[in-house]
Amino acid sequence: MGNHNLSGAVIAQEALNSLLDIALPDWKNSSEVKNLLGKKVINDDFTFLFSEFFSLNIGFLVRASKLLHLDSGDMSHRGDYIISLSQLVKWLGKIAKNTGIEILTGFSAQDIIWDEKNNVCSGVKLKDQGLDKKGNKQPNFQEGEIINADFVVLSEGSDGFITGKFLNKANLQRTQPQLYSIGIKEIIEVSSHQYNKFTESRVVHSLGYPIWNPLSTLGMFGGGILYPNGNNQISAGMIVGLDWKYYDFNPQEALLDFKKHKFINQFISGGKIIESGAKMISEGGYYAIPRNIETGAIGKSNCIIIGESAGFVNMLKIKGLHLAINSGIIAASAIENCLNNKINTAIEYTKLIDNSTVGKEMFKSRNFRQTLAGFGITLGLPLSVFSRILPRMKVEDDFKAMKHVNCNIGNNTFDKAAFTATASVKHREDEPGHLIISDNEICKKCKTTFNCPCVIFCPAGVYEIIDSELKPVNPSNCLHCKTCQRKCPFNNVKWTVPEASGGPQYDKM
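Taking the numbering used here as reference, the numbering of the sequence shown is continuous, increasing by one, and the terminal residue is 505.
No wet-lab data here; the hints were simulated from the structure.
Just so you know, not all the hints are guaranteed correct.
Unchecked claim - Lysine-lysine pairs mimicking BS3-like chemistry, simulated, CA-CA at most 30 Å apart:
no.	residue 1	residue 2
1	K396	K313
2	K36	K90
3	K62	K390
Let the hints inform the model, and build the full structure from the sequences given.
Below you can see the structure in the form of structure tokens.
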């Protein structure tokens, strides 16, 4: 538990406190609380980085916006918990087990079982284990079992594999395509002097350098983060919208430049990277929530979708964890209300969501990301302050944005092998490949047009050109971020689920 969970992370107190009040009434006296929830945001820096030398803290604008009830005031993080999501998930898993909940680790779900006759979901099919690269059964072969269920709640995070299958089988659709960002994160061990200078109650979010310059044509959605982790460790991260147009862009190179900035570097220079990771973030907002085209339900019958699987991320707040928790609590209420009428669960769940803070937050921020995608960062950012009153923007899938334009960020010398090593990635080397190239001829066209950008942007260095042919030659390095599936400019890569226990083994991410 927690091995695949990565976030910044700051989380709103109210949501987590509500969950703990239900699951562990005496949680405030728990020995883990001080370690996991002992850091709260007091100094909330929102910084604009000019070139690699200059910076300006514009947090006062966020605070002023909050006083004026402008949308951008929601970007304030003051009072939030500063957490390690991996550690939090591990702790919540222990609490769940202690209440009698059975958690099945060490298994991958391969498919969702949809009963067309009765219009219900009857469970999930687990993935076969013990096949070789060619799909032949080995002596330790174990056929994937079927897990039957009266209710199914999909909570896979961004771009969930089973969620995708469910959307197709149940014919759920989005009003607008889902948009994504990729987050690249490193935990850096620094000196006690640097850590104390940064402080345990400070978070930094940045705009501008190295991915946006309002005085040039360089413009990508995203920015950097700097959070304290405790024990003289600081998290540095870079988030970049997948709707970038540059064929030679590597988000890891942007993280390198961010770390070299004079303001950032003072806190981390000379530090040792002890853990790394990457993950996609769902950013499409309210209009990208998948719904039943007949009922408007976020799910169908007895199968419902929560958290980031449903796209519950508020990009105004740059947060989604509180929405994941609250939607999970609401899902439990809906199931309880429908124990004798399970076919009505998705409708009941959606009614509760739409009338909750989850639905209201998602609706309030409905145009924020689309405004930036439609107008670009330089014009879209000031317009986003009033995005609530703007008409709905039409957006396209991220992969369609790529052009034959270079960005000249970094020199493509980032050490992806070292990055993958500190993510502690592991897969069984002789298992069937889980990254599928649909058409090799399309890859040849991509090589001519864009020089195979997946070789550059994949954070784990999975893809290489061997004998003039693109191949996922290092699938065992895969971080399960799924960026290749959503950013391939020809939509020619499919991520499928590998064997259980494969992937990153995050500890403090």
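How the hints compare with the structure:
1. K396 with K313: Judged against 30 Å, a Cα distance of about 27 Å means the pair holds.
2. K36 with K90: holds (23 Å)
3. K62 with K390: This hinted pair holds, its Cα atoms lying about 28 Å apart.
In terms of the numbered hints stated before, the structure departs from none.
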